[in-house]
Amino acid sequence: MLSIKGLHAKVEEKDILKGLDIEINPGEVHAIMGPNGSGKSTLGNVLAGRPGYEATAGSVVFKGQDLLELDTEERAREGIFLAFQYPVEIPGVSNMEFLKVSVDAKRKHAGLPELSAVEFMKLARETSKRVDLDASFLKRGVNEGFSGGEKKRNEIMQMMLLEPDLCILDETDSGLDIDALQVVADGVNSMRDGKRSFIVVTHYQRLLDYIVPDYVHVLAGGRIVKSGNKDLALELEAKGYGWLENGEG
Amino acid sequence: MSDFQQQALTLAAEQRSPEWLAELRARGADVWSAAAWPTRKTEQWKYTPLLALQNDNPARWPSTDSCAWQQAIDPIELDATRLVFVNGHFCPEHSSELPAGVVRFAEADAGQRELIARHLGTVIDTSRHLFGALSDAWTADGILLHVPRGQVLDKPVYILNVATPEAQPAASNQRVLVVLEDNSQAELIEHYVSGSEQQNLFVNSHTEVIVGNNAQIQHYRINLEQEDLLHVGGVHVDLHRDARFLGFTLAQGSRLKRIDYHVNHRGEGAHLGLNGVYLPRNKQLIDYHTNVEHRVPHCTTDEVFRGIIGDSAKAVFNGRIHIHPHAQKTLAELSNRNLLTSPTAEINTKPELEIYADDVRCAHGATIAQLDETSVFYLQSRGVTRAEAVRMLSFGFINELLNQVPEQAIQDYLRPRLTALFGQQGGELGQMSYD
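Chains as they are written, first to last, in the working numbering: chain A, 4 to 252; chain B, 961 to 1395.
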């Protein structure tokens, strides 16, 4: 699904990723943990193609294609989805319109016809129920005046509608109370179908009680310094990151 | 005196009827001819040169046979009393039966004439509004909207001003007088529209609105005009005790378009709510000047203007709020935000607060920005192309104000037209109900 080899990336002239390797097969859930400033969010943004996040060396192959050669929107259409750490508020653009344009773009790319407004509204309403968002959120501006939890649920709703092959959750759990976390995790788990892969970037082990990963990687100093199974997350919770960073140095 | 001032006086002299407005015309002509012609040094016209008007120097009134309906002009679909003017000429065949209280000056009865004579020209401050004086000098016809005490007009009044091409530069005059007596209520839509051909027209349009105690008007002024058309106009309002003026205005088109809103808070508890949108493109120039005079305590003003300026177009926004010494407990807010979508687009914005009372709350702000790149990325990361993202965000910037327009028919009219302006497909979802 995704093969990252020796990836270096810089943000605003600052080297953040310094030789990152990761291999993700279909259906796997990989958690990426690490201290602040280790490059966790940079990884998601580089994969999604955010301007200003520049890969300087290494390779990223996604479904057999050179991902770094694709434009931002092409990556999305090919099946990359980044759930934002801080979803953007866009007043004046209705959530419904935004979702329909996105879904139509993806469908068109896949050679499918666009959905009619009626078909789409039905689908959007059903999906909003799955993340426990009232349908009234669909006609509001994109994330406009949404609470932190509502924004994150809106991200998950977009993910459900776009049905990506690789979902990158960038600290989706930050700032959520336990109920909202449960809703988000249920949403993600409902999309685990044995084929779709996930990169779950988080600062807190707590999320991994709800979304159980196949692999846990520790990112420090722009590289993966340790990988393991879900027990690694518990070890990190108990011991912190210090022992790994020291071992690195 | 400039050539155009001279020319305009010649045109004024041709306006001979009705006789009972001769005094207003003479007064206007006096102010007009005595006024200094604006130059770059005139603060009120600093960024809006009148060169196009001087160059065209319209020497005639529009031809009277221009009353042909154009297929290209589609009106707002609205259950309203409709009055259609083509190049300033009234077209009864396209207009509704007029209810009591709506009358053309030319057909006013004795009582209505007395009302018009008493109020017409009293709201416009011609010492500040040169083209208001020109309107006085040129007024032969016009519309009176009069709502007696305690009455609510059952339908909106919709004045559709259509421009059609003239062979040579011509001048057209529009005048509206609204008198709302105490506790009355009305809705007025002034819609200026033209086809896409060259128009050769200069429009001078002024509306005076007197809102009595506790009365309310919902007012719209929509200007969707062809590029070459020249338009100078004003909406002049007197608000009495607890009166409310709720306005929405939108402007597009014209090499020279200048619209003034001049609002006087004359009675305590009065409220002004005004939202505006300007969308100049190509080489258009759109200038909104608003001036709100808080003369008495406890009045409120809430004013929001947004503009998207593209290509080599230019916009001017000058929002003045003047709080007089006795106008304590005033609440006034003014916001102006601008989006430049091209490196050669220009905006000159100036919020102006003049506060002479010490117990007031006022806020103002003006911003000029390019599109937010994080928002563009957010949309792109969902598969939307950059071009489409830019269109969605531009439209969204003004759609916020469009969503607040209370008259649904106007939203339904504007949304697809503005969407088309931004080159976006659809607008389909925007018009559907989500229930």
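If you're looking for bench data, these hints aren't it; they were derived computationally from the structure.
Be careful, since some hints might not be right.
[Stated by the list, open to error] Computed Cβ-Cβ distance ranges for the label pairs, DEER-style:
id: 1; chain 1: B; residue 1: Ala1326; chain 2: A; residue 2: Lys242; range: 47 to 57 Å
id: 2; chain 1: B; residue 1: Ile1328; chain 2: A; residue 2: Asp180; range: 56 to 66 Å
id: 3; chain 1: A; residue 1: Thr59; chain 2: B; residue 2: Ala1329; range: 43 to 53 Å
id: 4; chain 1: A; residue 1: Gly148; chain 2: B; residue 2: Gly1233; range: 18 to 28 Å
id: 5; chain 1: B; residue 1: Gly1233; chain 2: A; residue 2: Pro94; range: 11 to 21 Å
Computed from a predicted model, the values in this text were never measured in an experiment.
Heads up, the beta-carbon is just placed ideally off N, CA and C, and yes, glycines get one too.
Verification of the hints:
no. : hint                               : verdict
1   : B:Ala1326 <-> A:Lys242: 47 to 57 Å : holds, 54 Å
2   : B:Ile1328 <-> A:Asp180: 56 to 66 Å : violated, 39 Å
3   : A:Thr59 <-> B:Ala1329: 43 to 53 Å  : violated, 31 Å
4   : A:Gly148 <-> B:Gly1233: 18 to 28 Å : holds, 21 Å
5   : B:Gly1233 <-> A:Pro94: 11 to 21 Å  : holds, 19 Å
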